[in-house]
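Novice: Here is what each chain is made of, one letter per residue.
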Amino acid sequence: DSGVTQTPKHLITATGQRVTLRCSPRSGDLSVYWYQQSLDQGLQFLIQYYNGEERAKGNILERFSAQQFPDLHSELNLSSLELGDSALYFCASSVDPDAGELFFGEGSRLTVL
Amino acid sequence: DAKTTQPPSMDCAEGRAANLPCNHSTISGNEYVYWYRQIHSQGPQYIIHGLKNNETNEMASLIITEDRKSSTLILPHATLRDTAVYYCIVRDRNSGNTPLVFGKGTRLSVIA
Chain A
1 DSGVTQTPKH LITATGQRVT LRCSPRSGDL SVYWYQQSLD QGLQFLIQYY NGEERAKGNI
61 LERFSAQQFP DLHSELNLSS LELGDSALYF CASSVDPDAG ELFFGEGSRL TVL
Chain B
114 DAKTTQPPSM DCAEGRAANL PCNHSTISGN EYVYWYRQIH SQGPQYIIHG LKNNETNEMA
174 SLIITEDRKS STLILPHATL RDTAVYYCIV RDRNSGNTPL VFGKGTRLSV IA
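Residue numbers (this note's numbering), protein chains in the order written: chain A, 1 to 113; chain B, 114 to 225.
In isolation and in its complexed conformation, chain A is listed as follows (with noise of 0.2 angstroms):
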């Protein structure tokens, strides 16, 4: 158990909607990094925020986007959904917002219908 906690774990959708994925990083890291990892592109970064600011932004779509909010969990928003959207996103969490070492939860899988 690496501390980080992701819900849902399973969600599955229609083409259009909207979705929102939340993450609550261990107990004491300021910083939250998204990935998403489907068949054919292995692991994404997506986005990181660091007690609350964004610090480093990857190949996120614009119909994406997120936040960290004061108390540090995080949430991913993804909307107008695609077929090519469904994929496992993983949320990890760090203390040190320049670390190597992240601790990923277990991850949100979405299907898009």
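A portion of the hints provided could be inaccurate.
What the hints assert, rightly or not - Below 27 angstroms or equal to it, Euclidean Cα-Cα: the simulated BS3-like pairs (lysine-lysine) are:
1. 9/A / 165/B
2. 116/B / 57/A
3. 217/B / 165/B
4. 182/B / 116/B
5. 9/A / 217/B
Unchecked claim - Residues on chain A that point at chain B, a partial pick, calculated with CB under 7 angstroms:
6. 45
7. 56
8. 60
9. 101
10. 107
Treat the hints as calculated values from the structure; they're not laboratory data. Every residue, glycine too, gets a C-beta built ideally from N, C-alpha and C.
Since chain A is already given, all that's left is putting chain B on it; use the hints.
Specialist: Chain B in isolation, oriented as in the chain A frame:
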């Protein structure tokens, strides 16, 4: 970040040492070598990292060549639960907002 090259797959007999190689011939002086693994559809798990000295923890050992152009992750007594994809990542630990970039990794199969 420097690129890494790993074999796509490897087999290892249960109880034997698993030696997973990684080539990072363009690594720069400030870049660390990190290893993660991902057991089927679970979240990636940090294993170990190093700069130039060999490192050991409760999970594995990391051997980095003197020229730092390659490294080997060693699982001393592989078990079936070590079957996973292993990722070798090179990153400057003080690079600010540069994220970890995962490649395709090596799929290790531990065989009974």
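Novice: Next, verify each hint and record whether it holds.
Specialist: Cross-check of the supplied hints:
1. 9/A / 165/B: Roughly 39 angstroms between the alpha carbons, so the hint for residue 9/A and residue 165/B is violated.
2. 116/B / 57/A: 20 angstroms, holds
3. 217/B / 165/B: Since the Cα atoms of residue 217/B and residue 165/B sit roughly 24 angstroms apart, the hinted pair holds (cutoff 27 angstroms).
4. 182/B / 116/B: 11 angstroms, holds
5. 9/A / 217/B: 24 angstroms, holds
6. 45: The hint holds - residue 45/A has a Cβ within 7 angstroms of chain B, the shortest such distance being about 4 angstroms.
7. 56: 4 angstroms, holds
8. 60: 11 angstroms, violated
9. 101: 5 angstroms, holds
10. 107: Holds, about 6 angstroms.
Of the numbered hints listed earlier, those contradicted by the structure are 1 and 8.
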